[in-house]
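Enquirer: Numbering (the numbering used here), first residue to last: 44 to 405.
Hints are not guaranteed to be accurate.
[What the hints assert, rightly or not] 25 Å max Cα-Cα, derived DSS-like pairs, lysine-lysine:
(1) K404 x K375
(2) K318 x K74
(3) K93 x K375
(4) K134 x K93
(5) K174 x K144
(6) K99 x K144
Calculated directly from the structure, the hints in this document are not laboratory data.
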Amino acid sequence: MRVTQLSLQDYRNIRQAEFAPGPELTVICGKNGQGKTNLLEAVWLLTGGKSFRGAKDPELIAREKPFAVLEGITETGDGQQSRIHLTIGTKETPRPGRTAKRNGVDLGRASNLAGTFTAVVFEPGNLSLVKGSPEGRRRFLDAALCQLYPGYLTVWRRYARLVSQKNALLKHYDRTPGAADMLDVFDEDLARQGQELTRRRMEYMARMQPLATQNYEEISRGSERLELCYRPSFGQEGLLETLRQSRRADLRAGFCTTGPHREDFEVLLDGQPAKLFASQGQQRSAVLSLKLAEASCAQQITGEHPVMLLDDVLSELDATRQEYLLTRMRQKQTIVTACDSSLFHKTEGAMFRMDGGVLEKL
Numbered sequence: 044m045r046v047t048q049l050s051l052q053d054y055r056n057i058r059q060a061e062f063a064p065g066p067e068l069t070v071i072c073g074k075n076g077q078g079k080t081n082l083l084e085a086v087w088l089l090t091g092g093k094s095f096r097g098a099k100d101p102e103l104i105a106r107e108k109p110f111a112v113l114e115g116i117t118e119t120g121d122g123q124q125s126r127i128h129l130t131i132g133t134k135e136t137p138r139p140g141r142t143a144k145r146n147g148v149d150l151g152r153a154s155n156l157a158g159t160f161t162a163v164v165f166e167p168g169n170l171s172l173v174k175g176s177p178e179g180r181r182r183f184l185d186a187a188l189c190q191l192y193p194g195y196l197t198v199w200r201r202y203a204r205l206v207s208q209k210n211a212l213l214k215h216y217d218r219t220p221g222a223a224d225m226l227d228v229f230d231e232d233l234a235r236q237g238q239e240l241t242r243r244r245m246e247y248m249a250r251m252q253p254l255a256t257q258n259y260e261e262i263s264r265g266s267e268r269l270e271l272c273y274r275p276s277f278g279q280e281g282l283l284e285t286l287r288q289s290r291r292a293d294l295r296a297g298f299c300t301t302g303p304h305r306e307d308f309e310v311l312l313d314g315q316p317a318k319l320f321a322s323q324g325q326q327r328s329a330v331l332s333l334k335l336a337e338a339s340c341a342q343q344i345t346g347e348h349p350v351m352l353l354d355d356v357l358s359e360l361d362a363t364r365q366e367y368l369l370t371r372m373r374q375k376q377t378i379v380t381a382c383d384s385s386l387f388h389k390t391e392g393a394m395f396r397m398d399g400g401v402l403e404k405l
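Take the sequences, apply the hints, and build the full model.
Expert: As structure tokens, then:
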């Protein structure tokens, strides 16, 4: 899988750009704040997913412009091309939000692009994945699954909406006639959607586990063994029974206290929680192992290796981990941003400079 061409118009600080990355390594250099990450984010949006920075639609559109347009051409290993047209509109435009066309066919929501093009982002924020919040680890899983399984995003959205509605009811429980019956209905639907989310996550983790373990063994030269352990919010009794049992706790708290939106996974090193005992170097090796395992999983499921997007992450890794990462990226399309281009002077690849939203090929 690779991107052969990307055109941008009025996207963040990039008024107009034509980007033709190389088939393997492409480096985008420039000072901070010039738009390097914006370009990577635009490539990522071709997957149909949300911004990996969590940006809302208005933030993706250049100031005083009604919409932004992205046009990309992607190509599979056997030469099949897809032309993706993505529009991001404000509420004032006829079609607000993110809408997409593929090969001229209107797909509606951009999320319907899922499965057309896959990418993996590795950015400095990922380095807190091991010791960071459960929310960050859930986001890591959900971002991968939304790309690989179009139906996953639909279920996730439905579940998130139900949680929001249930929370609103819990806050006004005493003032809402028939609130108990309404909670029963919410819990039944939450259980159906939530069990599907957890099932997908656990299946994905089971696939990722041996890949991440092998990656970590190679990076650490076998000094420790990495394992992944998913912590579901319910057991054999099922999510519906767990939701019923947590009813009192929900009413006291004023929000839904259990379910996939509260689940987590743990990274273990030699059976011990990495978030408690891992050094900074061990954490970074674990995260690197996870991101490379994510790419391998995508290749196993889709038959195509995803495009790797590395956002100024090499400067955060030592020489050994830099070398391991770049070695693994050979013969795969990898787009890297960096303030210091000297790391790549001895490598063969396309070089670009980003300055004030203006992209220039070197």
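Enquirer: Which of the listed hints are not met by the structure?
Expert: 2, 5
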